[in-house]
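Participant: As a plain string of letters, each chain reads:
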Amino acid sequence: MKNFNRHAHYFFTLPALLLYAIFFIYPLINGFLYSLTDWDGLSKTHKYIGFDNYSELLSDGRIRNSLGFTFRYALLLIVLTVVLGVVIALLLNRVKKFQSFFRTTYFFPAVLSLITVGLIWNQLFSQALPAFGKAIGSEMLSKNLLSDPSWAFYGVLFVSLWQGLAIPILLFLAALQSVPQDLLEAASLDGANAWQRFRSVVVPFLIPTLNMVVILSAKNGITAFDIIVAMTGGGPGRTTESVGLLVYNFAFKEFKFSYASALAMILFVIIGLVSIIQIRSSSRYEVNA
Amino acid sequence: MRNKKATWGVALLAGVLLLSGCGSKANNNVAANNNSESEGNQVTIELFNQKSEIKDYMEQIIRNFEEENPNIKVNQVQVPDSRQVLYSRMASNDAPDIMSIFPNESDFRTQAESDYFLDLTDTDLLANVDPTYYEDVKVNGKDYSVPLTMNAYGIFYNVTKFNELGLTVPTTWGELENTAKAIKEKGKIPFATSFKDAWTAGHLTEALITNAENPEAAAKFFADPAAKAEDNAGIQKMITQMDFIRDYSQADAAGNGYNEAVNLFATGEALMLPQGIWAVPVIDMAGMEDEYKMFPVPNDSGAGVVTGGIDYALAISAETKHPEEAKKFVKFMTEQKTAQFLADNEKSPSTVNGVKANSPQTEDVTKLLSENGRFQPWLHFDWKAGLDSSWGTETSAYLIIKDKGALESWINKEFGKN
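As given, the protein sequences belong to chains A and B, one line each in that order. Counting from 1, position 32 in the first sequence corresponds to residue 32 in the working numbering; the numbering is continuous, with no gaps. To convert, take the position in the second sequence, counting from 1, and add 1000; that gives the working numbering.
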């Protein structure tokens, strides 16, 4: 009984574990099994074809194109989220007047769902911006930037940053407040300038948060789906077709369900690898407070 | 020790709550079902509607039906992305009792072969339907669907503005080019198009390729693995015609969707709108004041072929618990008075014997549906399931990005021309 009691706390994980098993592990295994079949999503029967779907994936130009877009998007999203997040958090941390007003304003986009945000910005891009562009006589701004192959990428990136920055800012802000004032003071007594104080005192305290933000935005970037559906639908052409959207298109629009499952498995492996590398590489710099 | 017991208790409680949460919901559902059936034996059947334009008229039809059949309640369901929703429900054994489907499409044939639909072959459900319409959609000689209306594709034009500008209705492709040029010279937009909604590009280009040479040549090209897109006269002509339409569309066609294109036409800024006849209620709703009509997509000889297919059709789930009630409703849809009500309001040509849709806007096109050699079912009916939607994506990509090689190599790959 004593031994038993010592492990009682594991039972607290039971509800979460059950939900996780039902909604994540079971579909994952099922998805893998489907990826080994030729099921089209329509017929009642399917047969196992081994890894044929995976070998077909390798030679599919659309997947290469889509992976290229997704990585470029995820990379820029991570870099900009971290840089802008830290800068805005630093600035918000210094604001003394109207502090809660500014903090609420920057946090506000986080309460909206990405679909809603996407649809609102879609209207701004297709109606408001062209009207503004015509008024100031700019030819580039008088059309929908989202339908311009060279601008659509940045349009989507901008909107996902607008929404996605809110939570990282909040996290960084909390981390900044955990930096002990006496350390900063000691550093300035030792003659450290502002940059040196930031680099050697503040940054180590930001690392755990940084870790989390990088993983979160990497995950958001690599699995980008809802904002793209709401804003460009993968267009113009196929210039913003993310891997997540491609999985959906294969499964539900083009009736290649098993092929879509195989691609989703690849996506899963990619995210897994990125997360492992990320956690391994940055845990070294953490402060053990 | 006390604390440990409490820990155990809380953990167990959390687990039990979680499980009971799932369980009680299921019980409630069963109870609810029993209730609805015991109340005067009323049966509720679900009608899954895939055509948003028709929703309000269907509500009226359902009210009429329920008046005649007080013990049957019909629940209409209409959701966005209906095709994906319906197919997912069918795959998870949750098919609606009655569903609107598109029986020409190859996905319907696949599903019918998988026994998703009730076999209607030896019933009287098709007794009032003109056989020419359901012959084409038999699957392995059996009837799984009841066609009710037809669609057709053409080019809407603003009659009032055409008269003001002294323009005549073009009958050949050359005349269409001249008309478009004349409209542009007068400072108006010739075509309202919407490349952002890929399906609109897909319909337009299917109508173009059907007419580029002739429907037989086009069908032969898609079926023949040896014919390559870059060497095919029809495909090359279609691409040139696409270039022409793009150059004579509004400046931001790439950024506009279906509704924006319809608005441009309804406000009189653009004088032509290539679309299907299903756009009529949308044009009217957008506040069109000028008189408008429709002409067929022209070819070189002046006898353009109209593309079209079965638009509204119903099928019954093979798994339905209420087959008799479902059949009763579908039969009601094929009765002359119901079909006439639909034709009067929704304006699509009816497949029901003796019913005529009075739609002056589209009659120049729809009258060709029954004329020999002037009607061709959508080419994608013979393509494998899902190819129609990627065709739309690829053709709209070409219209926006102008990468001819990419379109050609996609066609070669997807139609097995390697």
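Honestly, I wouldn't trust all of these hints.
As the list claims (entries may be wrong) - Capping the alpha-carbon separation at 35 Å, the derived lysine-lysine pairs in DSBU-like fashion look like this:
{"#": "1", "chain 1": "A", "residue 1": "K253", "chain 2": "B", "residue 2": "K1404"}
{"#": "2", "chain 1": "A", "residue 1": "K44", "chain 2": "B", "residue 2": "K1051"}
{"#": "3", "chain 1": "B", "residue 1": "K1055", "chain 2": "B", "residue 2": "K1181"}
{"#": "4", "chain 1": "B", "residue 1": "K1237", "chain 2": "B", "residue 2": "K1404"}
{"#": "5", "chain 1": "B", "residue 1": "K1384", "chain 2": "A", "residue 2": "K47"}
{"#": "6", "chain 1": "A", "residue 1": "K134", "chain 2": "B", "residue 2": "K1384"}
{"#": "7", "chain 1": "B", "residue 1": "K1337", "chain 2": "B", "residue 2": "K1327"}
{"#": "8", "chain 1": "B", "residue 1": "K1181", "chain 2": "B", "residue 2": "K1404"}
{"#": "9", "chain 1": "B", "residue 1": "K1161", "chain 2": "B", "residue 2": "K1142"}
{"#": "10", "chain 1": "B", "residue 1": "K1138", "chain 2": "A", "residue 2": "K47"}
{"#": "11", "chain 1": "B", "residue 1": "K1186", "chain 2": "A", "residue 2": "K47"}
{"#": "12", "chain 1": "B", "residue 1": "K1188", "chain 2": "B", "residue 2": "K1404"}
{"#": "13", "chain 1": "A", "residue 1": "K253", "chain 2": "B", "residue 2": "K1331"}
{"#": "14", "chain 1": "A", "residue 1": "K44", "chain 2": "B", "residue 2": "K1181"}
{"#": "15", "chain 1": "B", "residue 1": "K1186", "chain 2": "A", "residue 2": "K253"}
{"#": "16", "chain 1": "B", "residue 1": "K1073", "chain 2": "B", "residue 2": "K1237"}
{"#": "17", "chain 1": "B", "residue 1": "K1073", "chain 2": "B", "residue 2": "K1337"}
{"#": "18", "chain 1": "B", "residue 1": "K1142", "chain 2": "A", "residue 2": "K253"}
{"#": "19", "chain 1": "A", "residue 1": "K253", "chain 2": "B", "residue 2": "K1293"}
Worth flagging that the hints you see were computed from the coordinates, not collected in a lab.
Participant: Now tell me, hint by hint, if it's right for this structure.
Facilitator: Right, here's what the structure says about each hint:
no., hint, verdict
1, A:K253 / B:K1404, "holds (24 Å)"
2, A:K44 / B:K1051, "holds (25 Å)"
3, B:K1055 / B:K1181, "violated (39 Å)"
4, B:K1237 / B:K1404, "holds (12 Å)"
5, B:K1384 / A:K47, "holds (19 Å)"
6, A:K134 / B:K1384, "violated (45 Å)"
7, B:K1337 / B:K1327, "holds (17 Å)"
8, B:K1181 / B:K1404, "holds (24 Å)"
9, B:K1161 / B:K1142, "violated (49 Å)"
10, B:K1138 / A:K47, "holds (26 Å)"
11, B:K1186 / A:K47, "violated (61 Å)"
12, B:K1188 / B:K1404, "holds (29 Å)"
13, A:K253 / B:K1331, "holds (31 Å)"
14, A:K44 / B:K1181, "violated (53 Å)"
15, B:K1186 / A:K253, "violated (42 Å)"
16, B:K1073 / B:K1237, "violated (53 Å)"
17, B:K1073 / B:K1337, "holds (20 Å)"
18, B:K1142 / A:K253, "holds (27 Å)"
19, A:K253 / B:K1293, "holds (33 Å)"
Hint compliance for this structure: hints 3, 6, 9, 11, 14, 15 and 16 are not met, and every other hint is.
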